Amino acid sequence: MSFNVLIVDDSNAMRAVIKKIIAMSGFKMDECWEAGSGKEALETLSHAWVDVIISDINMPEMNGLELVGRLKSDELYKEIPVIMVSTEGSAARVREAFVQGAQGFIKKPFLPEDLRKALYEVIGVGTDGEYTEGTTNADELDF
Amino acid sequence: MENILKVRQTLMNSIFEVFERMFYVFLEPAESRPDGEHSYRAAISFSGPLMGELRAFFSRPLAEAMLRNMLNVGGNEINERLMSDCLKEAVNMICGNFLGKHDSGQVFDLSIPTYDSGLQVDDIKAATDFGALRLDFSGGEGSLIMVMMTFSGRDLSVG
Numbered sequence: 001m002s003f004n005v006l007i008v009d010d011s012n013a014m015r016a017v018i019k020k021i022i023a024m025s026g027f028k029m030d031e032c033w034e035a036g037s038g039k040e041a042l043e044t045l046s047h048a049w050v051d052v053i054i055s056d057i058n059m060p061e062m063n064g065l066e067l068v069g070r071l072k073s074d075e076l077y078k079e080i081p082v083i084m085v086s087t088e089g090s091a092a093r094v095r096e097a098f099v100q101g102a103q104g105f106i107k108k109p110f111l112p113e114d115l116r117k118a119l120y121e122v123i124g125v126g127t128d129g130e131y132t133e134g135t136t137n138a139d140e141l142d143f
Numbered sequence: 144m145e146n147i148l149k150v151r152q153t154l155m156n157s158i159f160e161v162f163e164r165m166f167y168v169f170l171e172p173a174e175s176r177p178d179g180e181h182s183y184r185a186a187i188s189f190s191g192p193l194m195g196e197l198r199a200f201f202s203r204p205l206a207e208a209m210l211r212n213m214l215n216v217g218g219n220e221i222n223e224r225l226m227s228d229c230l231k232e233a234v235n236m237i238c239g240n241f242l243g244k245h246d247s248g249q250v251f252d253l254s255i256p257t258y259d260s261g262l263q264v265d266d267i268k269a270a271t272d273f274g275a276l277r278l279d280f281s282g283g284e285g286s287l288i289m290v291m292m293t294f295s296g297r298d299l300s301v302g
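These protein sequence lines map, in sequence, to chains A and B.
Residue 1 is where the first sequence starts when you use this note's numbering, and the numbers rise one by one after that.
Residue 144 is where the second sequence starts when you use this note's numbering, and the numbers rise one by one after that.
Bound-form chain A, shown alone (with noise of 0.2 angstroms):
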C-alpha cells in the first residue's frame, strides 16, 4: 500500500529536502503535493486525495498551527494527520501542536529514519505497509 503525501512549508529547498528524505526512508509514498502556505494546502485538499499533511509551523499567510487548527474543525479534513516539522522543538511549542491536532512533531534537523518513523506511526501502518494497532506519537506524550 502507498499513500499522498502534501507537504507544506514556505521553502521550495525545504519541500525538496523532505521529498527526497521521504523518498531515501523507504516510505511507500504515491502523490506527492507541495504547497506553500497553510492557505495554499487548504486548497491543495480541496481537489486532492491527501493521506497525510507534512507541515512547517513558521510560514506567511496561514502558518502551520493555524492550518491544523482549520483541518480539525472541519468535518471533510479533521481525520487527516498531521506531522508538524519545525525549528521551534520547545516542549511548550509541542504540546501547543498538539492540542490543536497535529499527530506528529519532528524537530529541523531530522534524520530520514526520524520521518518515516513519524509518517508510519501516525498513518497507523507497519513498516511493511500493513495496517497495525501501533501508538502515534501523540499518545505517548504525558500532558
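Worth flagging that the hints you see were computed from the coordinates, not collected in a lab.
Quick caveat: nothing in here was measured; it's all calculated off a predicted structure.
You can take every hint at face value.
Computed Cβ-Cβ distance ranges for the label pairs, DEER-style:
| id | chain 1 | residue 1 | chain 2 | residue 2 | range |
| --- | --- | --- | --- | --- | --- |
| 1 | B | Gly-218 | A | Lys-19 | 14 to 24 angstroms |
| 2 | B | Ser-247 | A | Leu-111 | 11 to 21 angstroms |
| 3 | A | His-47 | B | Glu-174 | 52 to 62 angstroms |
| 4 | A | Ala-48 | B | Gly-283 | 44 to 54 angstroms |
| 5 | B | Ala-173 | A | Arg-95 | 36 to 46 angstroms |
| 6 | B | Glu-171 | A | Leu-111 | 20 to 30 angstroms |
| 7 | A | Glu-113 | B | Asn-219 | 26 to 36 angstroms |
Glycine included, each C-beta is placed from N, C-alpha and C at the ideal position.
Following the hints, position chain B against chain A.
Leaving out everything else, chain B in the frame of chain A:
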C-alpha cells in the same frame, strides 16, 4: 562573562549540528578572514523571554556546497530562488535549535527569515563591529560569519 561564553558555546553547537545534519558540511572555528568574501546574508529575529536577531553571512563556496549537498544541484542549476530558500532555512534552523538549547521550557516566536545577496564589505563590517563567530569550511575553501544581537537589555553578544 560566564553567560556570554555559555551562549557562544550553545550557538556554536547549534551551528555545527544544523550544518552537519542538514547540509553535510563540517565547519571549524576560524581566524578573521576578509569580509568581502561573504556575498550572502540571511537573518531572522526572535521574540519571547529573549529578543534579538541572528544574522549569518555566507561565502559563495560555502553556500554552493550547502545547496549541492542539500538538493544535489550545482553549476547552472543554482539560481537566486534556491540560494535564498536554502540560506533562509539554515538561519531558521540554527535560531530554533539555539533557542531550544538556551531555554527549552519557553516558547519563542521566530520571524520569517530574510535574505540579501551582493553584499559589500561595509555591510558586513557594520554588522560585525560588536563581535561575531567566524567559521571555516573545508580548510578555508568557504566560510561563515554569525552575528547575534539581543534586545532584552542583557548583553549576550557572542563576539
